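**Q** If you want the building blocks of each chain, they are given just below.
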Amino acid sequence: MNYNNDNRPPSGWNRITSVWHRHERVYNSNFISNAFPPLLEPLIILAGLGIGLGSYIQTMGTMSYTLFLASGIIVTSSMYTAAFECTYGTFIRLEFDHVYDGMLGAPISPTNLILGEILFAGTKGFIFALAVLIITWLTGIIDYPLSIIAAFIGFICGIMFGTLSMWITSCVKNINHFNFYFTGLLSPMFFFSGSVFPIENLPPAMQWVAEATPLTHVVRLARAFCVADQLGWYLMTDLLYCGIFILITGWLAVRGLKKRLVD
Amino acid sequence: MSDMAIQIRNLVKSYGELLAVDNLDFDVARTECFGLLGPNGAGKTTTMKIIYGKALPSPNKDTVIDIFGYHPRKDALIIKAFSGIVPQQDNLDSELNVTDNLLIYSRFYGMKARDAKSRIAELLDFMELQDKAKVKIRELSGGMQRRLTIARALINKPKLLILDEPTTGLDPQVRHLIWNKIRELKEMGVTVLLTTHYMEEAFQICDRIIIMDKGRKILEGKPHQLLSANLEAYVMEIYGATKERIADSPYINRSGIRHESYQDTMFVYSNDSEKLSGCAEALHISDYHIRQANLEDLFLKVTGRGLNELQ
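So the protein lines, in turn, are chains F and S.
Numbering of the first sequence is given in numbering that gives the first Met the number 0, commencing with residue 0 and proceeding in unit increments.
Numbering of the second sequence is given in numbering that gives the first Met the number 0, commencing with residue 0 and proceeding in unit increments.
No wet-lab data here; the hints were simulated from the structure.
Model, not experiment: these values are computed from the prediction.
Beta carbons: idealized from backbone N, C-alpha and C, even for Gly.
Any given hint could be a false lead.
[Stated by the list, open to error] Going by beta-carbon spacing under 10 angstroms, a handful of chain F positions derived as facing chain S: (1) PRO8; (2) HIS97; (3) TYR99; (4) ASN111; (5) LYS172; (6) ARG254.
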C-alpha cells in the first residue's frame, strides 16, 4: 500500500453532490417512516377540507374548490419537508450526532456542506410535490398537462425553505426553540398564503403581509401551472421574489452556520 | 522538498477571554509519530483542529503553520485530501452498515465506487473488521466503532494521520491492536500526529512528544529521554496513615531525597531503589510499594496534581 498520496480534492460540484448523496442514503435507509407521515398530511388536508368544506363551497373564483385546494397544497408539503430537514435534521447532525465533524474531516468545506444540505432540501421539495401531484392526477382533480412543472416549483420551494430554515438553525442553541418557528411562522404562512383560501379578499394590510412571505409566491406559481388559463408575465415577479429570497437567506445561512462549524 | 511534515511556530488561539493555545512551537518530521500530551483543556484538540482547518488560529503576525507546504487557512481542502482525521468522538451513520458508511465517505474524496469497494475490503481486513462488512453501526461495540472510524480515515491512503485520543475508553486488547496498526502505518510511510492523556500510549508508539498545559509547551523530546532527564528512576509510594507519621520525619528531610504528597499517598523519588527500601526499613514502614518511575509521574510532576477547571 502506498501511503503517500497527493490526491487533490474533488471539484466543488462533486463535493456538494457527495454531501447530497450521504443524505439520500441515510434518508432512504428509513424510507417508509421518513416519507409516509409527511405525505399523509396533504392527503388528510385534501380529504378533510376538500370533502368537508368543499361540499359548502363549490367554486372558488373560476375553479372548483377541490382544484383550488389541491393546487395550493402541492408546495406546502414541500415547505414542511424542507423546513423539518433543515431545522431538526440539521440541528441533530450538528449538535447531537456530530455528523458534520466527520464530514469536515474529509475534503469538504463548510460552504459545500451547507449547499449540499440545501440541495437535498430542494430535492425533497420536488419529490413531495410530485407525490401530491400524482395523487391529484389519479383522483382526476388536476388534469392540466403543464401541471408537472408544479413539481419543479416544489424544488424551488424546498430550496427557499431550506435556506431560510438553515439560517434559523444557525441562530438556535436549543432544539426546542424550533417550536417558535413552526407555530409562529410556518403555520400562519400555511393559512395566509393563498393555499386554502385566496388572499385577494383579505384586508389590505394582511394582503401586504401575505405578499411579503415566501410561500404565497410559490403557491401562486404552482397553481398557475395546474389550472388552465392562469399563466402570464405577472408570474415573473413571483419568480424574481424566489430568486432574491434564496440569495439573501442562503447567504445568511452560510454566514451563520460557518461560525458554528469552524471554531 | 522539506523533511518536515508539520511546522508550527508561535501558534495562538483564544476563545474570547480563554487562551487555548499560547505561543506553541513544534515540528513533526516525515513518517514520525508525534504525540501531544496534556490534561483536558491543555489545547491539544484545538491545535489539531487548526491543522486541518476546523478551527482558525487567532491573528498573530509571527505565526507559522506549514502542513506539507500548505497553510490551512488557504488550503484546508488540499490538506484534508491527503490526510486522514479521526476526531475524538465517533460520528458514524448509525442507521447504515459498515460498508455503506465507508462508501459514503469515499465519495467525499471523489473515489470511484469500484476503487472504493476494493479499498474498503482491504481496510476491513487491516482493522480486523472483515466479518462486520454488512453489520449496522449501532450493533457494533465501542471498540469496533473506533476501529471503523480509523479505517474510514485511511480510505484515501493518507500521508498524514491525525488521531484525537484514539484509544480513550477502550479495553486493553483493542488499545494494543490500535497501537500495532499505528506502528504498521508508520512503517508504511504515514506521518502520525496524535493526542492522548495515556502516558503508556505515548511510550508505546510515539517517537517524540510534547507535554502541554494551559496552551503552553512544557516539555519536548523522546519519551525515554524526557523521563531520564527530568525524573528519578524509582518511586516509592507510601499510603494512608503511615504517610502522616513520616511526613515530618527528620530522616526523610535529612536524606535529601525528593518527596511529595498528594491526597493520601506520599511519593518518594530516588535513582537508587536500595536507598528507597533502606528508607522504608529505617522508618519501619510496611505498607509501601517501590516501582520504576513512568511517564505518568513526569506528567503529574510538570502539569501538577490538582485538577483544573476543565477536568
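**Q** Compare the structure with each hint and give your call.
**A** Hints, verified against the model:
no.: 1; hint: PRO8; result: holds, 4 angstroms
no.: 2; hint: HIS97; result: holds, 4 angstroms
no.: 3; hint: TYR99; result: holds, 8 angstroms
no.: 4; hint: ASN111; result: holds, 9 angstroms
no.: 5; hint: LYS172; result: violated, 16 angstroms
no.: 6; hint: ARG254; result: violated, 15 angstroms
The earlier numbered hints that this structure contradicts are 5, 6.
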